Each structure stands twice: as C-alpha cells, then as structure tokens.
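Engineer: Next come the chains, spelled out residue by residue.
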Amino acid sequence: MIKFLLKGLIRDKSRSRLPFLVVTIGVALTVLVHAYIVGFMGDIIEINARFSTGHMKVMTRAYEQEMNQVPNDLALTETDSLLSLLSKQFPSAEWSPRIRFGGLIDVPDENGETRSQGPAMGLGIDLINPGSAEAKRLNLEKSAVRGKLPSEYGEILLSENFSLKLGVNPGDKVTLISSTMDGSMAFYNFIVSGTVAFGLESLDRGMIIADISDIRTALNMEDAAGEITGFFKNGFYDNDEAIAEADRFNATFSDNSDDFSPLMVSLSSQGSLGTYVNMVELWTLMISSIFIFAMSLVLWNAGILGGLRRYGEVGIRLAIGEEKGHVYRTMIYESLMIGFAGSVAGTLFGLFFAYLIQKYGINISGMMQGSAIMLPTDIRAKIQPVDFYIGFIPGLFSTVIGTMLAGIGIYKRQTAKLFKELEA
Amino acid sequence: MFVFNHYNKNMENSHVIKVEKLVKRFPIGKGEFTALNGIDLQFSRGEFAGLVGPSGSGKTTLLNIVGSLDTPTEGEAFVLDHAVSRLSAKESAWLRRKELGFIFQSYNLLAVHTVFENVEFPLLLLDYTAAERKKMVMDALEWVGITDKAKSKPPQLSGGECQRVAIARAMVKKPSLVLADEPTANLDAANSHNILKTMENLNRDLKTTFLFATHDDKVISYLKRKIYLIDGKVDKDEKIINQ
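Going line by line, the protein sequences match chains A and B.
Under the working numbering, read the first sequence as residues 1 to 424, first letter to last.
Under the working numbering, read the second sequence as residues 425 to 667, first letter to last.
Worth flagging that the hints you see were computed from the coordinates, not collected in a lab.
All of these numbers come straight from a predicted model, not from anything done at the bench.
Be careful, since some hints might not be right.
Claimed, not checked - Some chain A residues close to chain B (C-beta under 7 Å, calculated; not the full set):
#1 Met-1
#2 Ala-294
#3 Glu-323
Stated by the list, open to error - With the Cβ distance kept under 10 Å, some of the chain B side facing chain A (calculated, not the full set):
#4 Asn-488
#5 Gly-491
#6 Ser-509
#7 Arg-510
#8 Ala-513
#9 Lys-514
#10 Gly-525
#11 Phe-526
#12 Glu-544
#13 Pro-546
#14 Ala-594
#15 Val-658
Glycine included, C-beta positions come from ideal geometry on N, C-alpha and C.
Let's have the full structure, built from the sequences with the hints guiding it.
Structural biologist: Right, here's the structure in full:
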C-alpha cells in the first residue's frame, strides 16, 4: 500500500512536484526575509555602533555622565594596560581607543594669516597602525572623495563638504585649535591627506579624522583616550551578550565611588539606542511573524486545494472499501512528506541566498544620496540559528494543517452520494 | 478481520440480497421525498439482474443501500446476511472491501496508476501477498481481455478499454456481488455490447451476482431478471428464462 501511494505521489506532478515547489519557495522566502529583516535592522544599529557607540564602550564613570559634551578632561588614562586587559579577558570583541574632540580648523594663507576657519567635530582613531580595523570599520576607503587616507603621522582627513567650505585641498596645511586634556589651548598642524563623504549630514558637516597618536600629542593625552570601543568579532551586535560582558567587566573593574574608574556600557545603554534596540527586536518579531503568517496562509490553502483536488480519487477509494480514517491518514502522511521535503529544500535555498546577502550585501548607496538618516549603504542579511527551523512553521505545519482541514471533508462525505458524485 | 454484530444466522447462504419492506425518505425543505416505498426483493447467487426505470424511480437509492453506502429509513436490507442498517461505518467499509464490486458509468480509474495497479488496488486493501496479487490481477485482466494493456495508463485507453479495467477492478477479488450503475452510459453501441458480453461471461463462469441500475435498452436486453421501479415501488419483476 505504501508503495502504491508513493507511486501515485511521485507520478502525479500536481500532487508532488507542484506542492513541493510551492512549499520550497514559501519556506525559502520565509528564511530569506527573516534573515534579511534581522540583518537590515541590525545594520542600522551597526552603523551607529561604528561611528559612535561601539557594541560596547569603556569610559570613566564621569565621562559617561557627560558623554554628549566629549569631556576629555575626564578621559581614561593608562589605556595601553586597559586595552591589554580587555583583549585578554574579553576576547569576543576587538577593542580600539578613540578620542572625540571639538575645535576649530584654521586654514592659513601663504603668509601664515588665517584664510578661512570653521568649527570641527574630530575623531582620533587607530588609523595608521596596519593591524587596526578602524579604517575599514568606518568605511573610509570607500568614502574617500579626493586624495588618500592618512598614511603618515601629521596627516588628517576632512569631510568633503567641510573642505569645500574652507577652500582646502589635499596637500594643504591646516591647524587644529582645541583644548588639551587639562584645559590649556592646543595648536597642532596637519597636512590634509584627503577628503571623505559619508552621505550623512551629521558627519559631513564638519568631520575631521586623524590618527589617535597625533590627537594624543595635540591634546596632551599621552596613553589616554576618551573611550575604548569594543566590536564583536563576528561583526554583529548581540544585545544580551553585550550586557553580559558589561556586567562582567563592571563587577570586577568598576568602582561606584570613583568617578575615574572605568565603566563598560553596552550599545543599548547609550542614549536612546536602548529604546531603538528594543524597537528593532519588536519590529523584527512583528514583521517576521506577519510574513510567516501570510506564508502559512498560502501553504495552508495549497494544502486545502491539494486535498479538494483529489475529491474523485477519495470517492472511489471509499466506494471500494477503504476506511475513511485510512484515507485521511494517508493524505496526512503524504502532506508530511511533501511538507518536510519542501521545508528542507526551502531552508537550504533560503540559507544559501541569505548567506550570499550576508557575505556580499546589497548596495543601496544610490538610494541614500542626500539622506540625513544614519543608514547603512550596504544591506546585509544575518543568518541566525532560528533560520534553520523557522521555515518549518509554514512549510510543514501549515501544509499538514491545510491537508487535515481538507481531509475533514472525508469524514463528512456521505457515501450515499458516491454513485452520483462519481458519475461526472 | 471484523466480527459482525448484525449477522443474520437464520438467513445464512439463503440469498445474496434480501430486501424487506424497504423505505427510504429524503428530507426536502420542510417536507420529505420518498425514494423507495416498501420494496420487497430477493436475489439469489449468480443472478444477472437489473433495476430498470426512469430517473427518480429509486434505482440508485436501492443500489446505494444494497452497496452499504446508505441506510434505509424503514425496513431492512440484508446483504450476504448482514443487516445494512445496523452496520457501523467500519463494518460497511469492510463489507464493500471484501464482498462487493462497483462499476461506475464514468469508470473512475486512478489516472496516474497503470492498468495493473488500478486493478491491484482492491487487493492491497485485503492483505494479499505480492505474488497472489500479481496472479489475481493478471487473471482479471485476462477475463476482460486487456492483458496487453497492463502497463498502460487510463489516459492512453479508449472508453471501452477503461470500462474493461473498471470491470476487472470490480471482479479481481471475486466478490459475491457486483453493483453497476449505468455501466454503458458513456460507451457507443459496439463497446456497450462487448462490455455487457464480458460481464455476462463473468456471471456465468464465476457465478458472481450482478445487479445493474439502468434505463439503457442495450443493458436491459442482456438482463436475465428485470425489476421495473416506478415512484419507489416495484412495478414489475420479470425473470427471463432460456434467453
């Protein structure tokens, strides 16, 4: 009997191949969309993390209280030993020191007099060290408009808009006027190595980027840094893990009574990003649920239609003497086979395409021109463990439930009408 | 194997079918339609009989009850000594599976299965071994003269050949009773006669009881017993001797 049913299943393309394809496509879409939504939402968090918050950040307690004012007089000191400790005891992340600072960029003429001047928001990062991932993390190479990235100490990057406003070109000399860590005036000369454009109004307005060594020298911050940012090595923010790592650090190394004691905070603990992370998680759940529900309805209907299409076959089987329960069970077994095979194939396809989007991303920079919102230019999917089984919800359960509902008709069917029904 | 609770031992081996004061009413709106109105009939083993009458006379209703596909409103139908009204759904299915064969006017073959597999299907429900099934199917195909089409599929066959396969499917388990509802309705005259001749031969050789529901003159001409139904009552019960 099993052989007989299998033959029927394999030979009847509209009973096997078509439902298999429908389930496969439905499941693949479910897996892909879920991974895509998680990846896209994560990317929005990620771009904020790269430019500002890190996945985790270590600051002094006092600096953390007034973070928006970048109070470098409250910066961390002895950062080399702290970095060494973080790398050893918190190896899940890469740790990099950063100094944020404000100041003026003064452009002198050939006589050394001020030709133009403008306020700047600066970022000192580990830029020249060949082992550093900071340049890649901030996507500096792809953001370059003119010139090149700093390759020697004493070089600086300006945002393209800022450089146009000041009338400077790569190779020109500029002077940073700021304040040192202990409140004195700071003057430091740089050569403009190039210009960058991030496509983000907030960054392009007056951003300057230089190597942290130069900034330390300029601001008298030897072995100090405003913050040490940590980025998970797998490249994706994990809120639970970030909170756990921060708690672990703070329990051992942070002292509530000392304003200059280091404090680690997760991305979600900084500003309004916590609300955003929660919102992203909720949205991801909602969008995924709606899509899974919609796909479930499609596959449910496919199951129902598949069952109804076999009305004549079921009728003849009942007339010949097959019990209703047996007919019902065999239809469910068939849908289980189709649903399982389709779910496996769909999951594999979905994961394959999600992997491609995770690895290579989809470039949407063309759509992002002029945007003031901090959005990523490459949208990437993110495959999570749940993607290995999420497709089975619509693929297996909905198909089987659809068949089970259609099969109820078998029990309601009046055998007294079989002769009439089978006349057609 | 079922143990029937409604087995009439007093009637054992007396008649293949015995119908007593059979009434069947169907609800129509707030009223009722009486399809069968006090039918009394008996059929012995090996009869080649037909229920003859116009549409609405009750032929198919009676065939349904005898085929344990429906139950009477009043009276009783005994099929191989089993009281149809008292059979459970499982017992009815078992009776159809074991003892009854059905032939429909539209053949109702399973299109994706070969002729062999279509004929084999009733045997799969009866737990025969593969070797037994193969022999029985080939015998049945030989009875109806289509052994050469064993590997063909129904869409590749003519209407007459399809009906032969349907007959082979009904006969393969050597049932006690075959019920045929307008079996030649979709066939031309030549094919109708071939089919009827085949069934006549099977009736003669295997002693299987055939009961038709028909108003087709070609079928009626082959019947050895004609029961004319009008408005749910037996109008005439005519046995043809020495046909």
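Engineer: Among all the numbered hints in the text so far, which are the ones the structure does not match?
Structural biologist: 2, 6, 7 and 15
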